[in-house]
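Enquirer: What follows is the residue order along each chain.
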Amino acid sequence: MSGPTSTTAASSVPRARPAAPGLLGDLRQVRASVLILFVLLAFNALFTPHFLTLQALNVNLTQVATIIIVAMGMTLVIATGGVDLSVGSLMAISGVLAPLIFLSGAFVQAPTLGLILSFLVPVIVTLGFGVLNGLFVTRLRLQPIVATLVLYIAGRGIAQVITNGQLQSFSNPGFSYLGLGRPLGVPFQVYVMLVVVALTYWVVKRTVFGRNVLATGGNAAAARLSGVPVGRVTVQVYAISGLLAGIAGLIVVAINRSSDANQVGQGMELDAIAAVAVGGTLLSGGRAQVLGTFLGALIIQLIRFTLLTRGVPDAGAMVVKAAVIVAAVALQQRRRRE
Amino acid sequence: MVSHDRSRSARLVSALSQSGVLIALIALLVFGGVRYASLNFLGAYNVVSVLQGTAPYALTALGMCFVIITGGIDLSVGSVVGLSGVVAALLSPYGPGVALLGAVGAGLVVGLVNGLIITRLNIQPFITTLATLLGAHGAALLLSHNAGVTVAPAVVDLGQIKWLSIGIMLGAYVIGAVTLRWARFGRNALAVGGGADASRLMGLNVPRVLMGVYLLSGALAGLAGLLISAQSGAGQPNEGGGWELSAIAAVVVGGTLLTGGVGSVWATLTGSLLLGVILNMLNFENGLGVVSLSPYWQSVIRGGFLLVVVVLQSRAAQGRDP
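Residue numbers (the numbering used here), protein chains in the order written: chain A, 240 to 577; chain B, 2 to 323.
Keep in mind the hints are simulated off the structure, nothing from the lab.
Keep in mind it's a predicted model, so treat the numbers as computed, not measured.
Heads up, some of the hints might be wrong.
[Claimed, not checked] According to the in silico footprint, chain A covers these stretches of chain B (three or more CB under 8 Å from chain A): (1) 116-128; (2) 136-143; (3) 241-253; (4) 307-316.
[Said to hold, decoys possible] FRET-style restraints, in silico, Cβ to Cβ: (5) B:A45 to A:Q405: 35 to 43 Å; (6) A:L570 to B:S293: 50 to 58 Å; (7) A:P468 to B:V175: 29 to 37 Å; (8) A:F277 to B:R121: 42 to 50 Å; (9) A:F277 to B:V99: 31 to 39 Å; (10) A:F277 to B:H146: 50 to 58 Å; (11) A:G470 to B:D158: 53 to 61 Å; (12) B:G288 to A:A566: 26 to 34 Å; (13) A:L406 to B:N123: 52 to 60 Å; (14) B:H146 to A:P288: 47 to 55 Å; (15) B:A38 to A:L547: 41 to 49 Å; (16) A:G506 to B:S20: 32 to 40 Å; (17) A:G470 to B:H146: 19 to 27 Å.
We put the beta carbon where it would ideally sit given N, CA and C, even for glycine.
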């Protein structure tokens, strides 16, 4: 059951790990993150009043769910050696499209159809934009930062143009269930998040596509020579990133019961990349620590929560977050070098 | 011999890309000059105000240009603009000189932190400056107590002198161009971007060059923060949000490759002006009153321009260098 490779052995040669080491082996790879998370949980359990309540859990999970969903797509993109700066803007696009659909006059007679379309259409649109990102990278051979910078700039503009920069408020219980529903007392988007994490983990570990993603990021030229459809894989990871950004945008709008093109997804690209980096996925590609990203986002969230409950202002928490990112990445690099 | 070929083709590509952005800018100006002739688009007043408005952006883009030439990236410049704008506003009662020192000093501190983390801890510039982006923004919010800080009148008066902002911008670019072309620092930056390992083997002090570019980028972003505070009359901690990506866009539109080793200071200025003129033309289009475009179109159009110019460049590069 235990993993056949240790982290140190994999470090010298940047390539896809030979076999799926199983969940236990993966947890061992991210044991430092697990440890830090437990320390944070224990500290809060002991010293933060009302920490061990469903409410505190829900507050934290609600705040982190969208970051984790987007960070899963980002993990795949970064595993191919790319990066997706457009996720925040794509969230804004999907976020403003959904209310437009269910508020439009066309679906007064068929509100259910309107509701279904307001979930599907925005996500399909952002998926399409993700494909566009991928084509910029593969067909136009733009560097990923530049390729996704185009939609980072233009995407939010598109969302603002659609709504003319106006806030759209709505009251639609069916749609808001995505953000405010509480099956078994836990916010609905937490289930969405868990499904996305589990699917991403499974894709990376068990599917040919997952192998191809790692191979593409490890060495694109070698992957191409050994028959990996590098171009198609690249387009697919950006498409997945766009799709997940679209879902996250819907969740944010559902929670707020309003969509604001200027605000939805603002700065999300940085939060997602930070979670991936803290999680131990190399920015140079070839690796995808899905569990690491998940834990990285949870750690960043818990540190922020811990500081806020101790009266540290959000600004102070940002400075600490900066230090945590640097420290986490520096520690991982040291361990890899040993 | 191989390296000679490569440098020649690289030079050719960069020349093509540079003329590409210049042609785009001239085309826009001609189009605007004809279409908005009745509104005096090319009149002195508009030209000066576009230049003045572009100055802070252009300064951050100049620092970014040097960083990108070494193959790095500096995501923290936007936050530095906000931070140094706040510092400048807080220090402005003590006089313009103190405000200048404070603003540039704040930028240098962030640049120093960037440089130290990148060279000592060997963390990728993207991650490093992503962290300092958060840290500097947090510091700006803490110093300003999350509210705009009023700038003392003496400094505001200086900020209203249009030629001062423009002069600082042009002066910085002249110095930047000379540095990149002839000074040891500029040549070293190009060498590090061309190949860090080769530069090290040649005896270059790579960490010192990297420290230099991040310090420069921080200082120029600090100067930009001072300018924007002086122009607007307040140091806003949230000022500069997203500027890092506009600066990267200006540099990239100017034909500087993100892979490093190639770059042009003048093309970066042209790229900054191109992005500024697009916004200006949008205002004029609305001034004509034929079609009314919301200001939100500017990001869509800017994104479109970025795509078109970058695609043309990569076409040129692929055509010359298969």
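Enquirer: Compare the structure with each hint and give your call.
Expert: Comparing the hints with the structure gives:
1. 116-128: Three-residue rule met by the region 116-128 of chain B, so holds; n is 7.
2. 136-143: holds (count 7)
3. 241-253: holds (count 5)
4. 307-316: holds (count 5)
5. B:A45 to A:Q405: 35 to 43 Å: holds (37 Å)
6. A:L570 to B:S293: 50 to 58 Å: holds (55 Å)
7. A:P468 to B:V175: 29 to 37 Å: violated (50 Å)
8. A:F277 to B:R121: 42 to 50 Å: Because 30 Å falls outside the window, the suggested range is violated.
9. A:F277 to B:V99: 31 to 39 Å: For V99 (chain B) against F277 (chain A), whose Cβ atoms are near 49 Å apart, the range 31 to 39 Å is violated.
10. A:F277 to B:H146: 50 to 58 Å: This hint is violated: roughly 36 Å between Cβ atoms.
11. A:G470 to B:D158: 53 to 61 Å: Holds, since G470 (chain A) and D158 (chain B) (Cβ atoms, about 58 Å apart) stay within the stated range.
12. B:G288 to A:A566: 26 to 34 Å: violated (52 Å)
13. A:L406 to B:N123: 52 to 60 Å: This hint is violated: roughly 45 Å between Cβ atoms.
14. B:H146 to A:P288: 47 to 55 Å: Given a distance of about 27 Å, which is not inside 47 to 55 Å, the answer is violated.
15. B:A38 to A:L547: 41 to 49 Å: violated (57 Å)
16. A:G506 to B:S20: 32 to 40 Å: holds (36 Å)
17. A:G470 to B:H146: 19 to 27 Å: violated (51 Å)
Hints 7, 8, 9, 10, 12, 13, 14, 15 and 17 from the list above are not met by this structure, while the remaining hints are.
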